[in-house]
Amino acid sequence: MSTDTYTPVEDTGFGKKAAGPVGWLDDRLGLAGVAKKNLRKVFPEHWSFMLGEIALWSFVVLLLTGVFLTFWFQPSMSEVVYDGSYAPFRGLEMSQAYASTLHISFDIRGGLLMRQIHHWAAALFVGAMLAHMLRIFFTGAYRKPREINWLIGVGLLALGMVEGFAGYSLPDDLLSGTGLRFVDGLIRSIPLVGSYLEFFIFGGEFPGEEIIPRLYMAHILLIPALLLGLIAAHMLLLVYHKHTQWPGAGRTNDNVVGYPMLPVYAAKAGGFFFVVFGFTALMGALVQINPVWAYGPYNPSEVTAGSQPDWYMGFSEGLVRIMPNWESTFLGHTWSWNVFIPGVGGLGLLFTVLALWPFVERWVTGDQREHHLLERPRNAPTRTGLGVAGMTFYGVGWAAGGNDIIATQFHLSINALTHIFRIGIFLFPVIAFIITRRICIGLQRADQNKILHGYETGVIERSPDGSYAERHAPLPVTEQYRLTAHDRLPALEAPDETDENGVALPHGRVAKVRHRVRSFYYKGAIDKPTLAEVEHADEHLAEIEGHPVHLGEDFQGVSETGIPKSH
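Sequential numbering from 1303 applies to the sequence shown in this note's numbering.
Worth flagging that the hints you see were computed from the coordinates, not collected in a lab. Fair warning: there could be bad hints in the mix.
[What the hints assert, rightly or not] Below, simulated DSSO-like cross-link-like pairs (lysine-lysine); rule was C-alpha separation at most 27 Å, straight line:
1. K1825 <-> K1814
2. K1830 <-> K1752
3. K1752 <-> K1446
4. K1446 <-> K1343
5. K1343 <-> K1570
6. K1544 <-> K1343
7. K1544 <-> K1446
8. K1752 <-> K1825
Quick caveat, the model's predicted, so the values are computed rather than measured.
Sequences are here, hints too, so could you generate the full structure?
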């Protein structure tokens, strides 16, 4: 038997030495009470919650690798003659920014690895934020009281895309310069003020001499500071509102079931940071990304064949590529609708819809309650359908951004592809919405059938008349709760248009429109069974004669082959 005894930290040698300084700080800052409360904060556990952590830790990787790169990168567009290690470029004139990028890649030990880790982490950062926001959207985690946190998330996504594009443009190679030329076109397309904005941003006519230094300061100072502030606000609101959780046994709107911050959650989060760092390091070591030496220095008179932006900017470029050539002349100016509407308007529309959605949905549903339990996507079929339609719209635009690559690789007509994308950008989201909503309603029916008719046990019985039937068993109570822990559908009664005296009510038209939108929102949705229906189903299942079937709480039904699904 072990004779080791537990010694409180305050009784150890280190604890006695640290007691004085810690006590001095606590007397003046009151840290003990704050730390005790927040370090014991409970967080629920589910695999989908790690998406936000991936975004957070990839941002930390970006900060660490970015600090390394700043030691050698020269954010200058001044022309120099290259005399570095890359022999094909010796004697070639290029900017200091491009020369220093080559220097980092070929002459600094670990420089190329750090560059590639930084670039992969940037792609992962935006991708994880997008996936995290989709999880928030499809589960309804943005509902009251988390609307402000949703807006912060939208801001983080927008800033992350701008930050990624700024960093992508810094090497001043031919590929990134082509991307800057694209942005220059977007700025010029803004009616009336576009050309003035271009001169202000680029310091003269494109490409000017100031854009790389300005992007550099925004990339390493301005935007990271904004990101850090928004991330801090996001985390503080997360702690203040408490984390959402999936429905389950013991989980309600008034509690959180999970693990405390210390020691469990902190240990898991710390370990997950090293997983993310290791993954990005492995990608940086084994998978090439952005080989700037293959493109050469930027020259405004040249364009890289088959040039593509980073994936998160492909949507904007795709919309521009499939837009018809609409231009008009008015007030002595050329109005380039073919660039402004898809480029500036497309991104503006995307983020405006994202920002307004929680408030639009609350107006439609009239739901003013607080929600701390997540909603399964199937239980909000219209919202889920609209989300998939938005993803389809984004995906069509993203694919259209590579229409030239698709055409050359698959030997297709680029004109035919462009027409397909022009039609598909409107048609495919509608098809995706209809199919998704029908799938959700089908899954709702399956849940209702499972609650009222029980699990398929795999036990086949033969009746006296020779027919065969499969035994069903009632669901465990915990499973019934999980499948029914969501709100009932509201009554969809048409609003009154007049009062008792026949006088038209104010805002009657608005109420009528809201009723129509609300009816569409809940159209086809299947309500969960009532308590009386569940009790009647349990009584019916209990009355079936035959040998008992012991399933246990972990039983999840049987598959098509008769094997229990929990195995």
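K1544 paired with K1343 [C-alpha distance capped at 27 Å]
Between K1544 and K1343 the Cα gap is close to 9 Å, so the pair holds against 27 Å.
Given pair status - K1343, K1446, alpha carbons within 27 Å
Given that 27 Å is the threshold and the Cα spacing comes to 21 Å, the pair holds.
With the threshold set at 27 Å, check whether the alpha-carbon distance from K1343 to K1570 stays at or below it.
Answer holds: K1343 to K1570 is near 15 Å, not above 27 Å.
Hint check: K1825 vs K1814, CA-CA at most 27 Å. Holds or violated?
This hinted pair holds, its Cα atoms lying about 16 Å apart.
Hint consistency between K1752 and K1825 [alpha-carbon to alpha-carbon, up to 27 Å]
holds (22 Å)
Are K1830 and K1752 close enough, with their CA atoms no more than 27 Å apart?
At roughly 11 Å apart (the allowed maximum being 27 Å), K1752 and K1830 satisfy the hint.
Is K1752 within 27 Å of K1446, Cα to Cα?
Violated, because 31 Å separates the two Cα atoms, which is more than 27 Å.
Is the straight-line distance between the alpha-carbon of K1544 and that of K1446 27 Å or less?
Holds, at about 12 Å.
Hint 3 from the earlier list is the only one contradicted by this structure; the remaining hints agree with it.
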